[in-house]
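Q: All you need for this note's numbering is the position in the sequence shown, starting with 1, plus 1.
One should not assume that every hint holds.
Unchecked claim - With a straight-line cut-off of 25 Å between C-alpha atoms, the simulated SDA-like cross-links for lysine to any residue are:
1) Lys-44 x Ser-129
2) Lys-44 x Ile-88
3) Lys-140 x Asp-60
4) Lys-44 x Ala-65
5) Lys-44 x Tyr-92
6) Lys-140 x Glu-126
7) Lys-44 x Gln-56
8) Lys-140 x Leu-73
9) Lys-44 x Gly-89
10) Lys-44 x Arg-7
11) Lys-140 x Ser-151
12) Lys-140 x Leu-58
13) Lys-44 x Gly-153
14) Lys-44 x Asp-109
15) Lys-44 x Asp-59
16) Lys-44 x Glu-104
17) Lys-44 x Thr-18
18) Lys-44 x Cys-173
19) Lys-44 x Phe-6
20) Lys-44 x Asp-67
21) Lys-140 x Asp-165
22) Lys-44 x Glu-94
23) Lys-140 x Ser-3
24) Lys-140 x Met-2
25) Lys-140 x Val-79
26) Lys-44 x Glu-144
27) Lys-44 x Ala-82
28) Lys-140 x Arg-93
29) Lys-140 x Asp-59
30) Lys-140 x Asp-108
31) Lys-140 x Ala-61
32) Lys-140 x Cys-173
In case anyone wonders, no lab produced these hints; they're calculated from the structure.
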Amino acid sequence: MSDSFRFEVPEHFTAGTVGPRGQRTFFIQFGNVGEIVSLRLEKQQVYALAEFLEQLLDDAGPVAPDDVPLALDLIDPVQSAWTVSSIGVAYREEDHRFLLVVEELLDDDDDDDEQDDDDDFDDDEPASAQLSVSAGQVKAFIERARDLVSAGRPPCNFCGRPLDGDGLWCPCHN
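All chains, please: the whole structure from these sequences, using the hints.
A: Right under this line is the structure:
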C-alpha cells in the first residue's frame, strides 16, 4: 500500500514535466520545505484540472497579484510517490481556499490471484492526497499547466494526434 498525504497549507503547489518533448512524464507536486510530494499523472489530467480550477476561480472572485507564487518549477528530486487515478476539487468560501483530493491508481495485476476462500479478500485501499491551496496558488497552477500543455508536440492537421518527436510527421500522411 502506498503512502497517503495531507497538507492543510502547502507552501508549494505546481505541475511540471520530466523528459523530452514527445516523451514527457507529467507530475503535480506539492508540500512544504523538507516534505515535497510528486505524483505522476496524464497530460489530459493536468489540462482538465486547470480548466476546472479556472471555472471555480472565476466564481471565487479576484486574486491579489501578491498572492500568486512565482516559484513554479518542480523541486528535485522528482520521484513519483504513485500514479493519479482521480482528482476531486471543492471551494471553501470561508477562507477562500481550494480543496483537492487526489486518489491513487491501483494496479489490476492481482486479478489472476483470485482466492477461493470467502474469508480472504483484497482490502487494498488506494492512497490519497488531500491539500488545501490558496486562490493565488490556483491561479499560478492554471497558468503553469497551460504553458506545459501548449509546449507539447503540435497536432496533425489531418487527424489531430500529436506529430512525431520532431513535429514534422504523422502516420496518417501516408
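Q: Tell me, which hint numbers fail for this structure?
A: Of the numbered hints given earlier, those the structure breaks are 4, 6, 20, 21, 22, 23, 24, 30, 32, listed in rising order.
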